[in-house]
Amino acid sequence: MEIILALVIGGAFGAVLDRIGASSPNVIGRMLNLTNLKLMKAILLAIGVGSVLMFGGQMLGIVDVGHMSVKTAYLGVFVGGLMLGVGWALAGYCPGTGVVAAGAGRRDAFAFIAGGLLGAAAYMATYPAVKATGLLDAILGGNATLGTIPGTDYPGLTGLPGDTLGILLGLVFVAVAFVLPERIIRKDTRLPAE
Amino acid sequence: MTLDWKTGGLALGLVFFAAVLLVKPIGVSTQFVILDGVLWDAVDPAVVTQTEEGYTATNAYLAKSGGKYAKAVANPLNYSFLFVLAMLLGGAASAWQRGGVGPAERRVPELWKANFGDSPIKRYAAAFAGGFIVLYGARLAGGCTSGHMMSGMMQTAVSGYLFAAGAFAAAVPTALMLYKEEA
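From first to last, the protein sequence lines stand for chains A and B. Under my numbering, the first residue of the first sequence carries the number 5, and numbering increases by one thereafter. Under my numbering, the first residue of the second sequence carries the number 8, and numbering increases by one thereafter.
Be careful, since some hints might not be right.
As the list claims (entries may be wrong) - DSS-like, lysine-lysine: derived pairs with alpha carbons at most 30 Å apart:
id, chain 1, residue 1, chain 2, residue 2
1, B, Lys31, B, Lys13
2, B, Lys78, A, Lys135
3, A, Lys135, B, Lys13
The hints are simulated quantities; they were obtained by calculation from the structure and are not laboratory data.
Put together the whole structure using the sequences plus the hints.
Put into structure tokens, the structure is as follows:
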């Protein structure tokens, strides 16, 4: 059963990433250089929709709280995020969209995946040294959530009810998706100042 | 063709919700490690070994957290690994159904071409280098755009916000520097 779910949900995820343009380096580049934020709006809407449905489902008893999986916060999360950001802008791919783009036949996506496999291997090789730096030591409560979610052991950064807060934040994400302009940098401001 | 952001965002949100409803939050970057492990173990079968309690590995990263990565390397036909293979197939089917990615675009993407020219070698070198930094960073962070940013922020995870802050703080200035020409 899990195998079938992997194929169905994974397949749907790949297809949707293709259809929203997330696997196109052009669309990623235009989002990150702030000239076309439609994909950003889609991502914000998706996070909001997912959050409202998940926490709403939990409150109604439809969604198993045990399916949540909250990752630990440590300084390396931020540093790794910075690294991923540079590579994301350079290649135009993140790990998931690189795989989808390879499926779509983009040749540079295969180069991205090859580089990714080497980068992951480099991390495997350097993991003990990275761990020794303390970059992986938990901060901000470890695997904490912003509120305290009923039925979980995740520490709450605040004592606010985590499920209600999750729905409210989800609605904020949806609202931001709608108010975010489609373009931040105007063409004329990008001309060289001479 | 390409979905407008409202339909696309809604569909993407439903996929993330379906994953956490039926199985667990979506994540991708771990599977690069698992594939590395599978390839490594194929060359040197001593890397991953079965123990009385489960699996372990000679590599400290594969052996961490009670050998859960070592276990996935030993049994790659698991949910998370097949999920990523299915993403590739889903991307392929979707792209094929909308008519495919054109030959010029497959050779060198439009925006890259406008800024750095039509050399495929240069583009592949950049994609390779980008892939290296992305996956090193994702493994250091313990997740990527899917696992940390989307799944994490959806669950109100503090780590997800921390990751997203780092990713955009670096990605936006980098893109502003790289892609000055619009295309």
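I'd like to know which numbered hints this structure contradicts. Please list them from smallest to largest. 3
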